[in-house]
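My request is simple: use the sequences and hints to build the entire structure.
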Amino acid sequence: MENPVIIFGATPLGRAAKEIFESNDVVVYGFLDDNKVLHNKEIDNVIILGDTDNDGFLKLIGKKCEAFVAVDDNKLRKSLVNMIQEVRHMQPVNAIHKHSFISEKAEIGHGNFIDIQVTVAPGAKVGSHCLLNAKSMIGVEATLGDFVQVGSGSLINSGVKVEDEVFIGSGVTIISGVTVGKGARVGAGSVVIASIPAGETVFGNPAKKVG
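At position 73 of the sequence shown the residue is numbered 72 (numbering that gives the first Met the number 0), and the sequence of numbers has no breaks.
If you are wondering where the hints come from, they were derived from the structure by calculation, not from laboratory data.
Idealized CB from N, CA, C, for every residue including glycine.
A couple of the hints might just be wrong.
Once the Cα atoms are required to be at most 16 Å apart in a straight line, the calculated EDC-like pairs of lysine to aspartate or glutamate come out as [said to hold, decoys possible]:
no.	residue 1	residue 2
1	Lys104	Glu140
2	Lys97	Asp24
3	Lys74	Asp145
4	Lys124	Glu103
5	Lys124	Glu140
6	Lys97	Asp33
7	Lys181	Asp163
8	Lys74	Asp163
9	Lys77	Asp163
10	Lys35	Asp50
11	Lys58	Glu85
12	Lys124	Asp145
13	Lys181	Glu199
14	Lys124	Asp163
15	Lys63	Glu1
16	Lys124	Glu162
17	Lys62	Glu103
18	Lys74	Asp33
19	Lys35	Glu18
20	Lys181	Asp145
21	Lys77	Asp145
22	Lys160	Glu106
23	Lys35	Glu21
24	Lys40	Asp24
25	Lys35	Asp52
26	Lys97	Glu21
27	Lys160	Glu140
28	Lys160	Asp145
Label-pair distances were calculated between CB atoms; the ranges are [stated by the list, open to error]:
no.	residue 1	residue 2	range
29	Gln84	Thr200	27 to 33 Å
30	Ser194	Arg14	31 to 37 Å
31	Glu41	Ser194	20 to 26 Å
Set out below in structure tokens:
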């Protein structure tokens, strides 16, 4: 990546993304965040420039800068992604840690956060705007939709299908062949041995419906 990056979201996730970009010799131009209290302050020597809809900085995106959305709230994340796509007619870039492993036989979309020691195995497909936290593993021929969040140390085994907007907590194991429906939530440490309907929240070993 030749152009510098503007990070949307002066958040802990934004700080982690900044570290990833800089470790890959990509310059971070600055942050945009709607919390005006943060404006003109710095995160690790990079300034928070202004609001996410600041037209002066948005005009740089697609010409002189790339964009990355560092927000873990899916509703806000989707809103920012849509704005970048509609206003600047471009896709946010991936933030991929140099100490992750992405198989050459895997497929990944746009705008993903892929942290340290993440593994994406051969034949796996990761959609766009997903958050794959440290040491998570996406197994052979597993499929993740868009806006999926996978917690640290979670294991998505071979052939698993995870639909859009699913939240998977830290330390989760999902057994091969399971389908996790759109918008489902899996609590930390759970072991999922059966498919989960859309919108359902599960927890435990074995994971069972809660709420």
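Here is what the structure says about each hint:
{"no.": "1", "hint": "Lys104 x Glu140", "verdict": "10 Å, holds"}
{"no.": "2", "hint": "Lys97 x Asp24", "verdict": "10 Å, holds"}
{"no.": "3", "hint": "Lys74 x Asp145", "verdict": "12 Å, holds"}
{"no.": "4", "hint": "Lys124 x Glu103", "verdict": "11 Å, holds"}
{"no.": "5", "hint": "Lys124 x Glu140", "verdict": "7 Å, holds"}
{"no.": "6", "hint": "Lys97 x Asp33", "verdict": "30 Å, violated"}
{"no.": "7", "hint": "Lys181 x Asp163", "verdict": "5 Å, holds"}
{"no.": "8", "hint": "Lys74 x Asp163", "verdict": "12 Å, holds"}
{"no.": "9", "hint": "Lys77 x Asp163", "verdict": "12 Å, holds"}
{"no.": "10", "hint": "Lys35 x Asp50", "verdict": "7 Å, holds"}
{"no.": "11", "hint": "Lys58 x Glu85", "verdict": "13 Å, holds"}
{"no.": "12", "hint": "Lys124 x Asp145", "verdict": "10 Å, holds"}
{"no.": "13", "hint": "Lys181 x Glu199", "verdict": "9 Å, holds"}
{"no.": "14", "hint": "Lys124 x Asp163", "verdict": "13 Å, holds"}
{"no.": "15", "hint": "Lys63 x Glu1", "verdict": "9 Å, holds"}
{"no.": "16", "hint": "Lys124 x Glu162", "verdict": "11 Å, holds"}
{"no.": "17", "hint": "Lys62 x Glu103", "verdict": "29 Å, violated"}
{"no.": "18", "hint": "Lys74 x Asp33", "verdict": "15 Å, holds"}
{"no.": "19", "hint": "Lys35 x Glu18", "verdict": "23 Å, violated"}
{"no.": "20", "hint": "Lys181 x Asp145", "verdict": "10 Å, holds"}
{"no.": "21", "hint": "Lys77 x Asp145", "verdict": "10 Å, holds"}
{"no.": "22", "hint": "Lys160 x Glu106", "verdict": "14 Å, holds"}
{"no.": "23", "hint": "Lys35 x Glu21", "verdict": "25 Å, violated"}
{"no.": "24", "hint": "Lys40 x Asp24", "verdict": "23 Å, violated"}
{"no.": "25", "hint": "Lys35 x Asp52", "verdict": "12 Å, holds"}
{"no.": "26", "hint": "Lys97 x Glu21", "verdict": "10 Å, holds"}
{"no.": "27", "hint": "Lys160 x Glu140", "verdict": "9 Å, holds"}
{"no.": "28", "hint": "Lys160 x Asp145", "verdict": "12 Å, holds"}
{"no.": "29", "hint": "Gln84 x Thr200: 27 to 33 Å", "verdict": "30 Å, holds"}
{"no.": "30", "hint": "Ser194 x Arg14: 31 to 37 Å", "verdict": "36 Å, holds"}
{"no.": "31", "hint": "Glu41 x Ser194: 20 to 26 Å", "verdict": "46 Å, violated"}
Taken one by one, the earlier hints fail for this structure at numbers 6, 17, 19, 23, 24, 31, listed in ascending order.
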